[in-house]
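Number of protein chains: 2
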Amino acid sequence: MKTWFKISDNSDFTIYNIPFGIFSTPTSKKRIGIAIGESILDLAVAYDLGIFKRLNFPKSVFEANFLNDFISLGKSITNKVRIIIQEELCNENSVLKTSKEAFILQNEAEMHLPVQVGDYTDFYSSIEHATNVGMMFRDPENALLPNWKHIPVGYHGRASSIMVSGKNIHRPKGQVLKPSETLPVFEPSTRVDFELEMGFIIGGQTEVGDSISTKKAEDYIFGKVLFNDWSARDIQKWEYVPLGPFLAKNFASSISPWVVTLEALEPFRIAGPEQTPKVLPHLEYNGFKNFDINLEVSITPNNTDETIVSKSNFKYMYWNMSQQLAHHTSNGCNVNVGDMLASGTISGKSKDSYGSMLELSWAGKNPVKLNNGEERKFIEDYDTVIMRGYCKKDEIRVGFGEVKAQILPSK
Amino acid sequence: MKTWFKISDNSDFTIYNIPFGIFSTPTSKKRIGIAIGESILDLAVAYDLGIFKRLNFPKSVFEANFLNDFISLGKSITNKVRIIIQEELCNENSVLKTSKEAFILQNEAEMHLPVQVGDYTDFYSSIEHATNVGMMFRDPENALLPNWKHIPVGYHGRASSIMVSGKNIHRPKGQVLKPSETLPVFEPSTRVDFELEMGFIIGGQTEVGDSISTKKAEDYIFGKVLFNDWSARDIQKWEYVPLGPFLAKNFASSISPWVVTLEALEPFRIAGPEQTPKVLPHLEYNGFKNFDINLEVSITPNNTDETIVSKSNFKYMYWNMSQQLAHHTSNGCNVNVGDMLASGTISGKSKDSYGSMLELSWAGKNPVKLNNGEERKFIEDYDTVIMRGYCKKDEIRVGFGEVKAQILPSK
Numbered sequence: 001m002k003t004w005f006k007i008s009d010n011s012d013f014t015i016y017n018i019p020f021g022i023f024s025t026p027t028s029k030k031r032i033g034i035a036i037g038e039s040i041l042d043l044a045v046a047y048d049l050g051i052f053k054r055l056n057f058p059k060s061v062f063e064a065n066f067l068n069d070f071i072s073l074g075k076s077i078t079n080k081v082r083i084i085i086q087e088e089l090c091n092e093n094s095v096l097k098t099s100k101e102a103f104i105l106q107n108e109a110e111m112h113l114p115v116q117v118g119d120y121t122d123f124y125s126s127i128e129h130a131t132n133v134g135m136m137f138r139d140p141e142n143a144l145l146p147n148w149k150h151i152p153v154g155y156h157g158r159a160s161s162i163m164v165s166g167k168n169i170h171r172p173k174g175q176v177l178k179p180s181e182t183l184p185v186f187e188p189s190t191r192v193d194f195e196l197e198m199g200f201i202i203g204g205q206t207e208v209g210d211s212i213s214t215k216k217a218e219d220y221i222f223g224k225v226l227f228n229d230w231s232a233r234d235i236q237k238w239e240y241v242p243l244g245p246f247l248a249k250n251f252a253s254s255i256s257p258w259v260v261t262l263e264a265l266e267p268f269r270i271a272g273p274e275q276t277p278k279v280l281p282h283l284e285y286n287g288f289k290n291f292d293i294n295l296e297v298s299i300t301p302n303n304t305d306e307t308i309v310s311k312s313n314f315k316y317m318y319w320n321m322s323q324q325l326a327h328h329t330s331n332g333c334n335v336n337v338g339d340m341l342a343s344g345t346i347s348g349k350s351k352d353s354y355g356s357m358l359e360l361s362w363a364g365k366n367p368v369k370l371n372n373g374e375e376r377k378f379i380e381d382y383d384t385v386i387m388r389g390y391c392k393k394d395e396i397r398v399g400f401g402e403v404k405a406q407i408l409p410s411k
Numbered sequence: 001m002k003t004w005f006k007i008s009d010n011s012d013f014t015i016y017n018i019p020f021g022i023f024s025t026p027t028s029k030k031r032i033g034i035a036i037g038e039s040i041l042d043l044a045v046a047y048d049l050g051i052f053k054r055l056n057f058p059k060s061v062f063e064a065n066f067l068n069d070f071i072s073l074g075k076s077i078t079n080k081v082r083i084i085i086q087e088e089l090c091n092e093n094s095v096l097k098t099s100k101e102a103f104i105l106q107n108e109a110e111m112h113l114p115v116q117v118g119d120y121t122d123f124y125s126s127i128e129h130a131t132n133v134g135m136m137f138r139d140p141e142n143a144l145l146p147n148w149k150h151i152p153v154g155y156h157g158r159a160s161s162i163m164v165s166g167k168n169i170h171r172p173k174g175q176v177l178k179p180s181e182t183l184p185v186f187e188p189s190t191r192v193d194f195e196l197e198m199g200f201i202i203g204g205q206t207e208v209g210d211s212i213s214t215k216k217a218e219d220y221i222f223g224k225v226l227f228n229d230w231s232a233r234d235i236q237k238w239e240y241v242p243l244g245p246f247l248a249k250n251f252a253s254s255i256s257p258w259v260v261t262l263e264a265l266e267p268f269r270i271a272g273p274e275q276t277p278k279v280l281p282h283l284e285y286n287g288f289k290n291f292d293i294n295l296e297v298s299i300t301p302n303n304t305d306e307t308i309v310s311k312s313n314f315k316y317m318y319w320n321m322s323q324q325l326a327h328h329t330s331n332g333c334n335v336n337v338g339d340m341l342a343s344g345t346i347s348g349k350s351k352d353s354y355g356s357m358l359e360l361s362w363a364g365k366n367p368v369k370l371n372n373g374e375e376r377k378f379i380e381d382y383d384t385v386i387m388r389g390y391c392k393k394d395e396i397r398v399g400f401g402e403v404k405a406q407i408l409p410s411k
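Those protein sequences? They're chains A and B, same order as listed.
By full-length UniProt numbering, the letter at position 166 of the first sequence is numbered 166, and the numbering carries on one by one without gaps.
By full-length UniProt numbering, the letter at position 265 of the second sequence is numbered 265, and the numbering carries on one by one without gaps.
It does not matter which identical chain is meant; a pair holds if it fits inside one copy or across any two.
DSBU-like, lysine-lysine: derived pairs with alpha carbons at most 35 angstroms apart: (1) Lys75 <-> Lys29; (2) Lys178 <-> Lys289; (3) Lys216 <-> Lys178; (4) Lys178 <-> Lys215; (5) Lys30 <-> Lys75; (6) Lys149 <-> Lys215; (7) Lys215 <-> Lys167.
Honestly, the hints are just simulated from the structure, not real lab data.
Please model the complete structure; the sequences and the hints are all you need to start from.
Right, here's the structure in full:
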């Protein structure tokens with residue numbers, strides 16, 4: 001595709017991408033836009049210019065605080081919206097080309113949480129991550145628990161504290177049991193960590209009692225974002241047996257603002273890891289369900305240089321999204337538009353591809369060196385953590401932008 | 001208080017109660033009502049009759065699908081609404097007395113989910129229940145885990161599958177590992193269980209980073225419902241280590257339709273159990289924070305008699321609601337109006353006061369006898385489970401009605 005819109009070669013937001021987000025400007029309320037190059041196309045303005053007139057939906061869908069109503073139109077509409085935008089951006093005679101109001105610079109807009117998240121589920125689907133954690137905290141010889149290769153282990157997380165990139169986070173306080181103590185104390189966490197994850201957003205609705213097969217699962221996946229599952233390891237250690245992580249996670253999760261559609265990721269499908277032992281029939285799948293998405297994490301201490309501390313890839317996932325969604329609904333649990341399902345920490349095989357400080361510093365034993373000469377076991381006050389992701393194949397590049405947040409001192 | 005409205009002596013919905021719910025009739029859409037005797041007072045009609053005119057809010061608050069907007073008015077308004085209703089029902093000259101449209105019989109109305117639940121959290125706050133579970137599955141000598149007396153252990157649950165009383169539930173399928181097998185199978189759960197709980201509904205909003213003290217916590221509690229935390233014990237056993245219960249719980253939770261306000265429960269405050277060791281300062285509290293609420297559970301096999309299988313009481317809770325909410329927000333986790341926090345299974349000390357079949361049948365070893373001659377280890381297809389709750393002190397009775405659901409065969 002060749003667009004008349006000026007886009008730099010290394011942009012995440014190419015003509016092949018067209019991700020959806022919610023933005024506002026000093027003069028306009030929240031609304032839906034798509035990212036293109038360094039700009040945003042205002043879809044409410046584009047609607048007024050008539051480019052969507054063959055699709056039958058009201059303009060109010062674009063003048064919304066969240067993408068939920070738009071996503072609820074269904075892929076038969078939302079995919080057409082994306083294709084029409086691509087066509088217009090390639091058509092030299094498009095009404096968009098001469099519009100003075102259609103495009104806003106991204107750096108002149110504020111981005112907001114793209115969806116109203118009903119329920120949020122976090123999986124634990126990277127075998128490298130689960131193995132690392134098992135080696136550190138349990139038996140190195142039996143690092144994976146017995147259920148791990150049979151079900152995509154997951155748990156419910158907190159939807160209310162999912163926030164958009166750029167919102168900074170106060171270091172959580174919590175109960176921790178210090179080494180060799182018998183009574184806990186309540187204090188600011190000293191082991192704040194990131195988890196490099198990706199989230200997917202549900203694009204359809206089911207009723208209680210219904211299940212979604214692996215074959216149909218992608219029909220229910222609208223798109224993906226970068227997801228930082230902030231974690232407080234000391235709080236987690238004290239609280240998580242027997243009912244799982246709670247306050248160690250629910251103080252904040254950060255996501256990237258632009259939702260990249262599953263359709264934009266089509267060129268980057270790739271085979272997943274072999275699953276041995278064979279999974280049960282309801283978790284079997286056909287075709288390529290993994291995606292080749294380059295991921296990286298950086299730490300920037302206050303007012304100094306950025307250091308890339310991890311380079312990973314979404315293709316490493318042992319359990320794919322279709323299996324996660326089939327498992328999640330196999331008992332009849334219903335899903336709604338806007339639900340968020342996150343991957344779990346995405347670690348690769350090599351030490352520089354681990355997706356958390358817990359693994360990168362091996363629970364603090366091997367501090368990570370930063371470019372400014374400092375070391376990190378975990379995240380310190382005023383550190384900014386940035387995650388980025390992009391796909392590239394031949395001339396096609398599709399990126400996610402970034403999810404960024406700074407850790408502030410405890411309130 | 002003496003009302004002109006005819007209410008039978010054993011009614012849950014006395015002049016002292018005035019619980020809020022969402023109902024519809026064959027001729028009217030969803031709206032807010034209060035339960036009184038065997039009737040519902042339609043608050044939209046009451047609004048038109050002018051009884052709330054000194055309060056400044058629009059009628060649309062009452063013509064809503066959920067209580068959320070009403071609750072968001074704040075206790076300074078919602079408490080006045082409740083008091084005005086009580087006054088009108090005691091005033092012999094009330095406009096309500098002559099209205100032909102204000103009252104509907106409950107058995108001619110359909111009840112709906114009272115609130116749109118944003119996030120749902122389940123606690124594990126009955127020491128008797130936690131001890132029973134620990135004795136069955138872990139070390140009887142150290143039944144309580146080390147953290148249990150220091151934090152009100154909790155975990156996130158699924159909001160989407162919380163449903164109102166009367167909605168029946170298909171037996172969930174799931175992965176289970178049979179005794180002495182090494183590979184799991186996928187099949188209908190054979191250990192479907194109830195958990196007798198109570199839920200409380202959040203009535204205020206906080207920002208990420210904010211905490212709620214035990215002193216302020218009750219300002220954020222709008223009211224309470226009966227809560228059946230349906231559980232599939234065989235699915236739970238296979239999945240829950242290390243990240244907690246997931247598919248074992250998220251297929252369904254049932255709640256009673258009428259939200260009893262905290263203010264209606266004032267007369268029933270009672271001291272909670274002594275907490276030893278002393279809790280950390282942020283979990284300390286003053287005053288009576290437990291409530292004396294009689295609870296019972298019954299099983300009714302298809303077309304036969306009902307058997308009461310448990311009689312318990314909310315007063316047994318080791319951790320009270322104020323402590324649960326203070327703990328939940330101690331790390332800065334934000335809450336929203338409509339969030340649901342459930343108690344965890346409410347078991348008493350005696351064997352006939354246990355709040356789950358797991359405990360009543362001691363994991364199936366001691367089947368529970370039913371009035372029709374049958375026995376139950378867990379819940380069978382077509383069994384109906386009913387939970388009821390009421391408070392009584394002198395002439396004051398305040399009840400919750402019931403939460404009822406039948407288990408249907410797997411889909």
